[in-house]
Structure formats: C-alpha cells, structure tokens
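Visitor: Numbering (the numbering used here) for the sequence shown: 2 to 257.
These are computed hints drawn from the structure, not numbers from a lab.
Keep in mind that a hint or two might mislead.
Unchecked claim - List time: in silico PhoX-like cross-link candidates among lysine-lysine, alpha-carbon distance up to 25 Å:
1. K99 to K125
2. K99 to K46
3. K48 to K78
4. K78 to K51
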Amino acid sequence: MGEETKDRRTIEEEIAALGPWFHNMRIEGVETSPDHFLGDYPAVKWKAFKHVVPEDLERRSVLDIGCNAGFYAQEMKRRNAGRVLGIDSDPRYLRQAKFAAEQAGMDIEFRLMSVYDVAQLGEKFDLVLFMGVLYHLRHPLLALDLLYEHVVDNEMLFQCMQRGDDSVMRVEADYDFREWQIFERPGYPKLFFVEHRFADDPTNWFIPNRAGVEALLRSSGFVIEANPEREVYLVRRGERPYFDEPTTRLLSGPHF
C-alpha cells in the first residue's frame, strides 16, 4: 500500500480516537461525523447565513464561545480573521478542535473556559460567535449580560434553537398586575423550561420561541442587524435598557 493510504488510515484512527464528534469536519478528506442526524452539520447551516459575515474580516479579532470542534473558528480564519480564540467547557471538544486546526494548518487558540468566565479574558473582540449555546445554559440571561459587558466590542453572531410560535407581537412597556391573557398569546416572549431531557440531552434547559430570543437579545443591550434564518441573528452592541446593577457585582457574592 502507498503512503497516501497509510496516511488516510492514520487520520481515520485519530479521528475515531477523538470521537464521538458533533461537528462534521473534513480532515484530509475524512469526515468526522458523516452520519450526523442533522446532515452535513454545521456546514449545511452555515450556507444559509454565511453571507452576513464579510468575505474579508480584515484581521479582526474573533471569539468563538462554545466552539465545539472549531468549525466556525476555522471559517473565520478562512475569511482572513486575525486572532481567533475558541472556548468551550468540554475538554473532548477542545481536543477535537485543536487536532482539526493543526491538520488544517490554522493558527487558532483554544481554551477550556465557561461562558460565565469570559470576564477573565480581559479583552473585547471585534466579532463574537455565540452559536448553539444559550439553550444549554441554566442562566441564559446572565450569559448574555456577561458577553455584553466584557467581550462584545462591536458585533455578535448568535444562534439559538427555537420552539413554539414563530410570530412576534408588539409588547407594551408595562402591564397591570391583574393582566393574565397577554401571557397566553402565541407571539409573547417565552422560554420553555426542560426539567429533564430534550433530544436525549440533559443540558437542554431553556428553549425560547422567536419572540423570546429577540426579547432576550434586546434586554441585554443588543440591536438586531440581520436575521438571515429563523435561529440566527447578527447583532451589534447597542444601549442597554434599564438594568439594576452590573453582573460583576452580582457574581461577587450575596448582597443584602
């Protein structure tokens, strides 16, 4: 057998040893998750919204939160991003991401870190990717507040699974305490709480409807720039509405 066959077999063995993979990457012609239940994921999803990201990022800095095996981090490098940092709280995903980036010859930094710890980075990024993470968090609004305060300098590419009605109703600034019916309307912002599992995943906690996603983003100070497909939004950092106190104080200990 030739060297090419031996190399492919080695790659296949290394990919298998790092599995299972959620991102279907192509490494030296070998797919990491060819039987993914969502198809060629996340490439098939990326095709639907990649046009909202500039073809040339002009060496801008990028933070990929919940980077998994690094599919999006690599796509940012292909678009001429400068510093790209991927963080994830799962060591297995980070091992996959580092391996995939090395095989692609890409200079991408990866760190084991939770979204709740982003203040430790001590810097803001031109573009933040927050894709497919929010519904895995027990404290979703806290995460968005932390991103706004500490790492989003300009824009954020955001994606969140949605369920429920697709309509978005106009919500008044205030309602009387005796109001009940407004909460029953399909287009009112909602978060569905998953007590046990959804899709056999114990980390699926809160699944919003479309109105809920958009309200969460606005509440944390983000302005929606584009919504290229139902789950994906390009947002920019705007003015935050009324907020009692910064999250850094909330996280520092009990207050009485």
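Visitor: All hints are to be evaluated individually against the structure, with a verdict given for each.
Guide: Hint check results:
Only pairs whose Cα atoms come within 25 Å are accepted, and K99 paired with K125 is accepted, the gap being roughly 23 Å. For the suggested pair K99 and K46, the alpha carbons sit about 22 Å apart, so the restraint of at most 25 Å is met. Distance hint between K48 and K78 is fulfilled; the C-alpha atoms sit about 16 Å from each other, no more than 25 Å. At most 25 Å may separate the alpha-carbon atoms for a hinted pair to count; K78 and K51 meet this at roughly 13 Å.
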